[in-house]
Each structure stands twice: as structure tokens, then as C-alpha cells.
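Chemist: Make a model of the complete structure from these sequences and hints.
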Amino acid sequence: MHKILSDNLSNNNKRLTTFLNLYSYMIARNNKAVFKEFNILIDGIIFVWILKLFGFSRVRRNSFDMTSLAPIVFKAAIENNNSIYFIGSKPKVIDTAIKKIKAKFSNLNICGYRDGYLNENERDSIFNDIISLKADIVVCGMGTPLQEQFLLGLQQSGFKGRGYTCGGFLHQTANNISYYPNWVDRFNLRGFYRMYDEPYLIKRYFILYPWSLIKYLIDSYEYNKEKKRSS
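Residues in the sequence shown are numbered from 22 upward in steps of one, following our numbering.
What the hints contain is simulated information worked out from the structure, not anything from laboratory work.
Computed from a predicted structure; not experimentally measured.
Every residue gets a Cβ at the ideal spot worked out from N, C-alpha and C, and that includes glycine.
Mixed in with the good hints, there may be bad ones.
[Claimed, not checked] Label-pair ranges, simulated between beta-carbon atoms:
| id | residue 1 | residue 2 | range |
| --- | --- | --- | --- |
| 1 | F227 | K24 | 25 to 33 Å |
| 2 | N128 | F227 | 39 to 47 Å |
| 3 | I67 | N34 | 25 to 33 Å |
| 4 | D28 | I239 | 12 to 20 Å |
| 5 | S251 | S146 | 44 to 52 Å |
| 6 | P112 | L74 | 40 to 48 Å |
Modeler: Here you go:
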């Protein structure tokens, strides 16, 4: 997985973009064939610090939320007259999220949206719908690895546009278009704020994150050992 991360970190040649933190890194290790097809950006300041320690000096935090990449993508879509399709979250949640996005970005061309609860038989018809709508950008929030699998399947079905995973962006936006208070973002306290707002994440931060860090250290060691052996 370390090689995939090294090869695909900020790889703008890829039309699909996903975001890794320490939690999703652990999942990505079991889905290498999927993640190797993505431009990988780092979501999570802790993972950014760790990667800098291991030689990724130019890495910085990027996330599909209003503190980072989402407004950049939306404003560029407006300027370039690109259409966007959203998929993810629950039906009522995405309805509310889309209303708030439209209120904030009134000129954004949203060509369609739907919830992220679909069965295997629906996937092909949704792929066809998105392609027939001529969406230029698809934003998918289903959680890792479902969102990556969906976007890769869409691309393999003939979609030629750009795709972004967005994790919990849609349900966060349904609560508040600016989910993080300014002071939380300024002092890099987003993880603590999410634990306060979504207590089920406490296990992820205090149990799964350390375990994933160990996995990353093992991957990094094995990658560098193999690199030395082959040089």
C-alpha cells in the first residue's frame, strides 16, 4: 500500500480523487486494486504530520469539506460551466444538503442527486443515468471503500468526467454548510470536534487510528527494505 500511496499522492493524471486518513488507510490496504486508480490526497492533520516525518515534505491536508476542497471544486465548476451530480447519505439527508449547497452556490449546475443506499442491481442503471445526464463531476459520499468502488465502477462504465469521494460531507452539510467553527479549523481541532459531535467516532480515533499507524509503519519499513534490495 505504501507504493500505491507514494505513486498516487497528488497524482493529477487520475480523474478520480479520494482522501486518506489513518482510518481509511487501513481499509485501503485491503482494497489496493481499487485505490491504485485514484489520485490520493491526505485528509487528517495527524496523517499529514506522519507522512512529513517519512519524507513526504510537500504533503498537506486536503478534505472534501468547506474548510478545504469543496468550495474550490464548486467555484471552478461554476466558472467552467461544469455540471455536478451528488450521490450519498440517506434520502432526507441529501435533500437537505443539496438545498444548503444551492443556497450557498446559487449558480452551481447540479444535474442530479440521489441517496447512497443502493443494491448491486441498481448500480448499472445509476451509472447510465449519470452518463446520460452528461455530468462533468460526480461527488460520492458512501464511506470507504464503497464510495471508491462506486466511482471506479462508474469510470469503467464509460464516465469521462472527474469524481471525488466526500465521506461524511453530505450529512455534515445537512446539519450546517460550515460544519466546523472557524476556531476549530484554525487550530486543527477537527478530529476532536467530530468526536464531540459524533461520539461513535471515539473508537475510531483512539483504537483504530493507533492500529492503523502501526500498519503504516510496517508498510513503510517493508517498502523501503524492498527498495534497497532492488537498487
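Chemist: Taking the numbered hints from earlier one at a time, note which ones the structure violates and give those numbers from smallest to largest.
Modeler: No numbers; nothing is violated.
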